[in-house]
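> Kindly generate the complete structure, drawing on both the sequences and the hints.
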Amino acid sequence: MHMADALLSPAVGGVMWLASGAALAASGRRLRRNADDRLVPLMGVIGAFVFAAQMINFAIPGTGSSGHLGGGLLLAILLGPHAALVVIASVLTVQALFFADGGLLALGANIFNLGVLPCFVAYPLLYRPIAGDGTSSRRVALGAAVAAIVGLQLGALGVVLQTIASGITSLPASTFLLLMLPVHLAIGLVEGLATAAIVLFVRRARPDLLQRSTGQRSLKPLLAAFGVAALLTGGALSWFAAQDPDGLEWSIEHAAGAELAAPNTATHGTLRRLQQALSFLPDYALPKARAEETPAESSWPNVDPETSLAGLVGGALTLAVVSLLGFGLRRRR
Amino acid sequence: MSRIDAALRELRSLEALAARDTPLARVDPRAKVLVTMAFIVTVVSFDRYSIAALLPLALFPMALAALGDVPAAPLARKLLAAAPFALFVGIFNPLLDRAPMLVYGDLAIAAGWVSFASILLRFALTVGAALVLVAATGMHPLCAALGRLGVPQVFTVQLLFLFRYAFVLGAEASRMTVARELRSCGRGMALAAYGPLLGHLLLRAFERAQRIHLAMLARGFDGELRSLWAMRWQGRDTLFVLAWCAYFVLVRAIDMPLAAGRLLLGAA
Amino acid sequence: MSHHLVETRDLSFAYPDGTPALRGINCRFVHGEAVAIVGANGAGKSTLLLHFNGLLLAQSGEVRIGELPVTAGTRAQIQRTVGYVFQDSDDQLFMPTVEEDVAFGPLNMGLPSVEVKARARAALERVGAAHLATRAPYRLSGGEKRAVAIAGVMAMLPSILVLDEPSAGLDPAARWRLIELLRSFTHTRIVATHDLELVRELCSRVLVLHEGRVEADGTPREVFADAALLARCHLAAPASAVAAPCDAAAAAQQQRT
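Protein chains in written order, with numbering that gives the first Met the number 0: chain A, 0 to 332; chain B, 0 to 267; chain C, 0 to 256.
Some hints here could point you the wrong way.
[To be verified] Chain B is faced by these chain A residues, among others (derived, beta-carbon under 8 angstroms):
(1) 30
(2) 48
(3) 55
(4) 90
(5) 98
(6) 145
(7) 149
(8) 153
(9) 193
Calculated directly from the structure, the hints in this document are not laboratory data. As the structure is a computational prediction, the values presented were derived from the model and not from experiment. Glycine is no exception: its CB is placed at the ideal position from the N, C-alpha and C atoms.
Here's what the structure looks like:
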């Protein structure tokens with residue numbers, strides 16, 4: 000699933016943009032160095048193919064539903080991880096711009112979840128070792144399935160982490176994970192099937208097309224992306240772990256009563272361990288976030304009726320003014 | 000009409016909107032990109048319970064839609080179509096966050112509903128701004144602007160080519176899927192047909208890419224894509240950026256609706 | 000003028016999988032000539048055309064443009080003299096706008112942008128597409144795309160034009176506009192086509208290819224009158240093969256009113 004701006008905080012969005020940006024820059028540099036001018040039209044046309052292919056559904060055997068290709072893994076298999084990242088980033092950009100599929104701030108996160116992870120984790124670490132030189136169709140299918148499933152699980156995990164770290168949702172991490180991971184297991188399987196079906200056909204018809212992705216494997220973009228992400232999220236997660244266990248406690252208590260005391264401490268404990276493992280800057284706090292959290296905490300449970308009413312009145316007034324201005328401008332034209 | 004045809008139609012309609020000469024179209028695309036990003040960051044920087052405080056920001060997409068003569072109905076339609084994910088995650092807020100937050104006499108509204116409304120508002124604002132950006136800018140100026148703002152040429156050229164050939168490949172894909180459907184007697188597409196169908200589409204894409212490359216070589220292509228596109232940053236572009244950013248800062252710093260509300264209630 | 004001369008001597012070419020496409024082609028086209036290359040699909044028309052501007056290099060035999068043999072080294076220079084219009088205009092119009100696409104060639108030639116703009120404008124006017132300058136290629140009709148593709152090639156000021164199936168997929172009106180446009184050019188024109196009416200209207204010479212060899216080389220009248228030849232090469236004569244050109248002009252006039 001695509002991350003949305005509405006669930007993102009500027010800090011998390013910014014971090015993910017930096018991570019994806021670093022990966023794209025590294026891949027871009029790599030492609031420039033290779034100086035293969037055939038890539039220019041090729042990447043664009045194959046990108047257009049992925050864009051179109053995402054809208055073609057096939058029937059999933061056994062179930063009554065249908066699925067379609069995502070394309071990250073297929074692109075990596077066809078073009079190599081560097082070109083694949085640039086292509087999938089452009090497909091995501093078109094979707095964000097024209098179809099509101101994921102926001103512009105969230106684009107960084109989406110490029111990371113749906114681009115960096117399949118191209119630089121799933122493809123080299125899972126697909127290539129399993130599928131080998133591509134001569135056995137069984138191994139190709141297996142490699143595609145495993146790589147797609149794991150890649151999408153990682154992507155889903157990414158979405159969860161980014162959403163929770165942003166703090167806009169009240170959804171606790173455990174519930175969110177429980178919702179996202181199984182669904183993405185199914186989606187990953189679908190992706191694996193679709194990818195394998197296409198790769199196997201191409202292998203039969205034009206095996207030479209699958210050779211182009213062999214070549215030096217550089218994990219630099221991956222390291223760049225993760226390096227930046229880790230440095231900054233380490234701090235963010237530590238802040239989150241320090242603050243939100245209270246928030247989580249609150250919502251969980253209120254959602255299901257005190258019975259959840261045990262699982263709550265489990266989450267809390269995990270978070271603390273995570274924090275210790277990741278925080279390079281344990282005392283780093285995102286000042287804006289901290290400032291945001293305080294007024295929220297102070298405004299509830301102390302509910303101030305006067306403020307509520309003023310807010311309501313002011314809000315209505317603002318809406319009226321803004322609408323008038325907007326339509327007024329329009330009519331003048 | 001298949002999904003692909005519908006999608007291509009969307010692309011065409013937004014581009015057609017962007018191709019018109021409106022006051023907004025004359026603003027440098029770099030300015031529009033920068034301000035839109037600043038807007039989105041401002042919107043998401045509010046805390047999760049902000050509703051009224053966010054409202055003054057609605058002026059931005061509305062004013063731009065007006066200046067760019069972007070019709071409201073298609074925009075609203077796209078917003079609704081894209082809502083599901085935000086809704087899906089957001090709906091958990093009211094379920095989990097039940098502390099009362101707003102009290103009007105006997106009526107107590109849970110904090111979760113407030114944050115849910117905030118999510119919806121954020122969604123409308125950010126997505127609305129992005130759509131207006133596209134409807135007023137067009138793919139070519141947008142990519143040129145990105146290039147001038149430092150995005151590597153590999154990416155911007157790629158984006159332009161993808162956009163250019165999305166129509167060609169989309170039309171091919173649409174024809175192929177319709178042709179299959181006509182012989183499918185109502186059955187869905189099995190993997191056994193999916194592989195070859197998409198495989199053929201892919202192979203044709205490769206061959207087309209080869210032909211395009213030949214066509215580029217035939218006209219002297221040497222690896223470097225040069226452009227005639229000239230962007231001239233003018234005074235009004237600086238004004239555009241500064242004015243809007245100042246407004247965003249103001250809205251972020253002062254909760255204007257609250258102040259206005261208090262003023263009104265105090266006066267009453 | 001010798002630099003408008005197109006010549007092949009014993010040209011042979013086989014594709015990587017071994018299929019022979021051209022077997023010993025000999026031909027010679029002079030300045031300003033309009034030549035048609037006809038033949039069934041797979042006869043080698045496109046392959047031959049690709050040799051004229053160096054997109055394919057002869058495996059044996061020779062291709063000369065004027066004084067220059069076509070080799071990897073002379074390719075760049077040849078491509079300024081020989082303009083190639085592809086069969087599928089979508090392959091050729093890859094830039095975001097018409098203007099940018101027509102400017103692609105001159106920009107690659109290293110010309111200053113003032114000159115580039117002037118050439119682009121002139122080329123678009125020449126083909127009657129000046130009003131399409133800011134349009135995106137995906138919004139053009141088949142005929143408009145073809146015109147813009149030709150403009151893109153013309154902007155490089157070639158002396159020889161090579162066109163691969165230029166009238167394919169065009170509606171009758173667009174087709175006639177194309178034929179008239181091509182008739183108005185003074186360049187050496189080499190056209191691979193199935194459109195035998197176009198051949199009759201435009202070309203003074205016809206080369207018939209069959210299985211990679213030149214089966215016949217003569218005027219349209221001669222070629223189309225030879226029924227045995229046509230049958231052998233899997234071709235059919237146009238409806239009114241021996242009609243006089245003035246009849247055709249009258250027909251065109253009719254169609255436009």
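> Look at each hint and say if it fits the structure.
Each hint, compared with the structure:
The restraint placing residue 30 (chain A) at the interface with chain B holds, with a minimum CB-CB distance near 5 angstroms, inside the 8 angstroms limit. Annotation: interface hint on residue 48 (chain A) holds; nearest CB of chain B at approximately 4 angstroms, less than 8 angstroms. Checking residue 55 (chain A) against chain B: minimum C-beta separation of about 6 angstroms stays under 8 angstroms; hint holds. With a cut of 8 angstroms, the hint placing residue 90 (chain A) at the interface with chain B holds, because the nearest CB-to-CB distance is about 7 angstroms.
Contact between residue 98 (chain A) and chain B, as hinted, is supported at the beta carbon level, the nearest pair being about 7 angstroms apart and thus within 8 angstroms. The criterion of a C-beta within 8 angstroms of any C-beta in chain B is not met by residue 145 (chain A), whose closest approach is roughly 18 angstroms, and the hint is violated. For the restraint placing residue 149 (chain A) at the interface with chain B, the shortest Cβ-Cβ distance is roughly 21 angstroms, beyond the 8 angstroms limit, so the hint is violated. For residue 153 (chain A), the suggested interface contact is broken, since its CB lies about 19 angstroms from the closest CB of chain B, more than 8 angstroms.
Given hint, residue 193 (chain A) at the interface with chain B, holds; its Cβ is 7 angstroms from that chain's nearest Cβ, closer than 8 angstroms.
Hint violations for this structure: numbers 6, 7 and 8, all remaining hints satisfied.
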